[in-house]
Amino acid sequence: MARAATTSDVFNAIAEPQRRSILALLRTGERPVTDLAQELGMSQPGASKHLRVLREVGLVRVREAGKQRLYGLDARGLRPVHEWVGGFEQFWNESFDRLDVYVQDLKRTQQED
6 MARAATTSDV FNAIAEPQRR SILALLRTGE RPVTDLAQEL GMSQPGASKH
56 LRVLREVGLV RVREAGKQRL YGLDARGLRP VHEWVGGFEQ FWNESFDRLD
106 VYVQDLKRTQ QED
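Residue numbering for the sequence shown follows the numbering used here, starting at 6 and increasing by one per position.
A hint or two may mislead.
To be verified - Okay, the calculated beta carbon distance ranges per label pair:
| # | residue 1 | residue 2 | range |
| --- | --- | --- | --- |
| 1 | 84 | 113 | 41 to 51 angstroms |
| 2 | 72 | 16 | 32 to 42 angstroms |
| 3 | 100 | 40 | 35 to 45 angstroms |
| 4 | 80 | 105 | 23 to 33 angstroms |
| 5 | 23 | 71 | 20 to 30 angstroms |
| 6 | 67 | 17 | 15 to 25 angstroms |
| 7 | 105 | 74 | 48 to 58 angstroms |
| 8 | 49 | 110 | 54 to 64 angstroms |
| 9 | 97 | 50 | 36 to 46 angstroms |
| 10 | 87 | 30 | 15 to 25 angstroms |
| 11 | 17 | 48 | 17 to 27 angstroms |
| 12 | 90 | 117 | 35 to 45 angstroms |
| 13 | 25 | 106 | 27 to 37 angstroms |
If you are wondering where the hints come from, they were derived from the structure by calculation, not from laboratory data. Yeah, the Cβ is synthetic: ideal placement off N, Cα and C, and Gly gets one too.
Produce the complete structure using the sequences and hints provided.
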């Protein structure tokens, strides 16, 4: 089975750690590519390539501001990831509930000793 191109699938796009780092930086607001590249210790062309992929999957938007291009987060593109991860919420809630019961049992046992 052929793997989906990173430019068409948000899951593949965010699988790359530097792209996730770019998204994290953009949570605080728009930034030019030079700032992102410097912050992440990469070349400007490298950062631009990552931004292109993120733009193509709908996670980043770009706007012209004079001679500068500002990149911003478009978190709506993360909806498929959020929905997929949300499917595991019940599992984690049940796990934490079991852990809480276990901890309470340990505390009672220690108090009885």
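Outcome of the hint check:
1. For the pair residue 84 and residue 113, the supplied restraint of 41 to 51 angstroms holds, since their beta-carbon distance comes to about 44 angstroms.
2. The given range of 32 to 42 angstroms is respected by residue 72 and residue 16, whose C-beta atoms sit roughly 35 angstroms from each other.
3. In this structure, residue 100 and residue 40 meet the distance hint of 35 to 45 angstroms, their C-beta atoms being roughly 40 angstroms apart.
4. Between residue 80 and residue 105 the beta carbon distance is about 31 angstroms. The supplied range of 23 to 33 angstroms therefore holds.
5. A hinted range of 20 to 30 angstroms for the beta carbons of residue 23 and residue 71 is consistent with their spacing of about 27 angstroms.
6. One distance hint, 15 to 25 angstroms for the beta-carbon pair residue 67 and residue 17, holds here, with the actual separation near 21 angstroms.
7. Between residue 105 and residue 74 the beta carbons are some 49 angstroms apart, a value that agrees with the proposed interval 48 to 58 angstroms.
8. Here the CB-CB span from residue 49 to residue 110 is close to 57 angstroms, well matched to the stated 54 to 64 angstroms.
9. Checking the proposed 36 to 46 angstroms range against residue 97 and residue 50 shows it holds: the Cβ atoms sit about 40 angstroms from each other.
10. Separated by about 20 angstroms at the C-beta atoms, residue 87 and residue 30 satisfy the suggested range of 15 to 25 angstroms.
11. Distance hint check: the CB atoms of residue 17 and residue 48 are about 22 angstroms apart, consistent with the given range 17 to 27 angstroms.
12. With their beta carbons about 40 angstroms apart, residue 90 and residue 117 fall inside the hinted range of 35 to 45 angstroms.
13. Separation of residue 25 from residue 106 is about 35 angstroms and conforms to the stated range, judged on CB atoms against 27 to 37 angstroms.
The earlier numbered hints are all upheld by this structure, with none contradicted.
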